[in-house]
Amino acid sequence: MNKRYTAFSIIAILASFAIVFSACRKINESTELGGGLIPPVDNINTFDTSLTVQAFQNVFGLANDSQYLAKNELFYLGKISKDLPNGDQFFGTTDARLFLELKPPFYKYYFANKPDSIFIDSVVLVLDYIESYGDTNTAQTVNVYELDQSNNNKFRSDSAYLIRQNSLTYSNLLGSKTFFPRNLKDSVKAYKDTTANQLRIKLSNSFGTRLLGYDSSVNGAYRNDSLFKSKFQGFALQSMGSGNAVMGFDLTGENTKLAIYYKYEKRVISTVQQIDTAVTYFTFSGNSAVANYIQRDYSSTPLLAALFNGNTPDPIIYIQGSPGTFANIRIPGLSSLSNRVIHRAELIVEQLYHPSDTVYRTPDYMYLDASDPTITASNYKFRTIPYDLSFTSSGALNLGLFGSVPVNDKDDLGNPIKTWKFNISRYVQHVLTRTQSLYDLRLSAPFTLNEQFGIPPGTDQTVPIQVNTTIVKGRVRLVGNTGPADTNPHRIRLRLIYSKL
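Under the numbering used here, think of the first position of the sequence shown as 5, with each following residue one higher.
The hints are simulated quantities; they were obtained by calculation from the structure and are not laboratory data.
Just so you know, even glycine gets a beta-carbon here, dropped at the ideal spot from N, CA and C.
Check each hint, because a few of them may be wrong.
Stated by the list, open to error - With a cut-off of at most 30 Å between alpha-carbon atoms, the simulated DSSO-like pairs for lysine-lysine come out as follows:
1) LYS189 / LYS422
2) LYS189 / LYS206
3) LYS504 / LYS414
4) LYS206 / LYS267
5) LYS75 / LYS235
6) LYS206 / LYS158
7) LYS196 / LYS206
8) LYS112 / LYS267
9) LYS193 / LYS181
10) LYS75 / LYS158
11) LYS189 / LYS112
To be verified - Computed Cβ-Cβ distance ranges for the label pairs, DEER-style:
12) ASN187 / PHE51: 53 to 59 Å
13) ALA194 / ASP413: 44 to 50 Å
14) LYS189 / ASN155: 40 to 46 Å
Throw the hints in and build the complete structure from the sequences for me.
And the structure:
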């Protein structure tokens with residue numbers, strides 16, 4: 005699980021957001037009168053208006069998505085199908101596959117007894133379950149395979165793997181289990197292992213016998229790590245058939261292990277043979293390789309149709325967590341707007357409700373950045389919103405102040421929705437004073453990204469930015485805009501509260 009978000013940082017962000025919301029409450033309430041003149045304060049006339057915002061659907065691909073996972077992140081396994089009841093008809097199919105190594109706790113490694121006096125009882129792959137995203141009441145079948153012992157399978161512990169790419173092959177089925185994701189929270193009882201939050205998949209006894217048969221002789225598998233890897237490359241896990249949820253696992257947790265249960269001859273009294281049971285665990289460590297492959301399939305979905313809408317702004321925007329989708333945002337009216345004092349400029353984005361939103365939740369955070377055409381090809385094309393997104397003294401991003409955290413709201417029918425209000429006041433002010441270029445913007449819900457940061461622009465450095473705590477989770481449909489004639493009060497828009505010079 006991601007351990008980089010501390011409790012202090014979360015509390016600080018939420019507290020900052022609450023302070024800003026409270027401070028802006030008076031002006032927000034007073035401007036609910038609508039467009040035009042706001043009652044003057046201290047003889048200063050304040051105006052409220054909205055500018056047309058154009059949103060164009062897009063999707064991250066290999067060319068613009070370089071998402072990797074650290075070993076202490078959550079890794080996901082499972083499938084979300086489009087056509088099942090409770091399937092995701094808007095965002096299509098998600099197929100999350102997991103690849104990992106579990107290894108002996110040390111080398112040279114020995115089982116507790118002589119090789120010729122032990123035999124397998126069972127071998128179980130155990131994963132430390134943290135959470136599910138989607139419909140947990142639909143059964144899934146997970147197969148466990150052995151990675152092919154091939155030179156093409158370069159599965160290395162010192163390498164990170166793109167979550168959109170998979171070059172690993174597997175064919176030898178070791179075990180399978182059909183279960184309901186909702187039951188993973190239940191307690192299980194096993195020999196020397198009684199706890200909750202586990203996915204347990206029994207593997208073939210022939211595989212267990214193979215593991216018992218290895219030894220630590222000169223050419224044995226347990227003499228060192230490279231020899232063990234020459235005998236066993238690792239596991240591949242894939243959800244087969246259909247399903248409606250992806251499940252997150254902590255591979256560094258105590259519940260992630262390969263449990264090898266075996267029986268051995270304890271002693272012989274006269275002609276009576278005494279048999280006892282033991283268990284040993286292979287675990288995930290810093291020397292273990294891991295990869296997550298997330299495949300999105302948008303075939304025959306409204307999202308895919310929006311991708312081919314040409315130069316026409318999209319009335320509905322589809323935003324999905326990494327690896328997912330984004331929207332290109334343009335505010336053409338800013339380029340011709342005369343200079344004025346900006347008290348507040350906020351990009352307002354509202355959720356378009358659908359009953360499936362209760363199953364497939366919105367992203368925890370949304371993010372807005374800018375496309376800067378002056379950035380050289382050797383660097384990242386995108387930058388943080390100038391002047392409005394910054395780092396605090398503790399090194400955290402001011403995502404709460406910026407507007408990445410949604411506000412709970414209701415639509416006209418009383419359905420619960422989320423609304424995001426991105427504060428880009430300083431950026432807009434600099435655009436109007438002609439001290440800042442007008443950029444195209446990008447709206448997304450990423451896990452992490454790398455981009456340019458500099459205040460003012462020109463003092464740039466490439467910085468890593470974390471927005472959400474995990475990959476895969478979160479999707480939302482947003483109200484877009486069909487153009488200047490769009491009168492939908494919930495359309496995406498730039499609201500300006502300003503005074504004339």
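Here's how the hints hold up against the structure:
| no. | hint | result |
| --- | --- | --- |
| 1 | LYS189 / LYS422 | 28 Å, holds |
| 2 | LYS189 / LYS206 | 18 Å, holds |
| 3 | LYS504 / LYS414 | 33 Å, violated |
| 4 | LYS206 / LYS267 | 17 Å, holds |
| 5 | LYS75 / LYS235 | 23 Å, holds |
| 6 | LYS206 / LYS158 | 26 Å, holds |
| 7 | LYS196 / LYS206 | 16 Å, holds |
| 8 | LYS112 / LYS267 | 21 Å, holds |
| 9 | LYS193 / LYS181 | 17 Å, holds |
| 10 | LYS75 / LYS158 | 17 Å, holds |
| 11 | LYS189 / LYS112 | 36 Å, violated |
| 12 | ASN187 / PHE51: 53 to 59 Å | 58 Å, holds |
| 13 | ALA194 / ASP413: 44 to 50 Å | 47 Å, holds |
| 14 | LYS189 / ASN155: 40 to 46 Å | 41 Å, holds |
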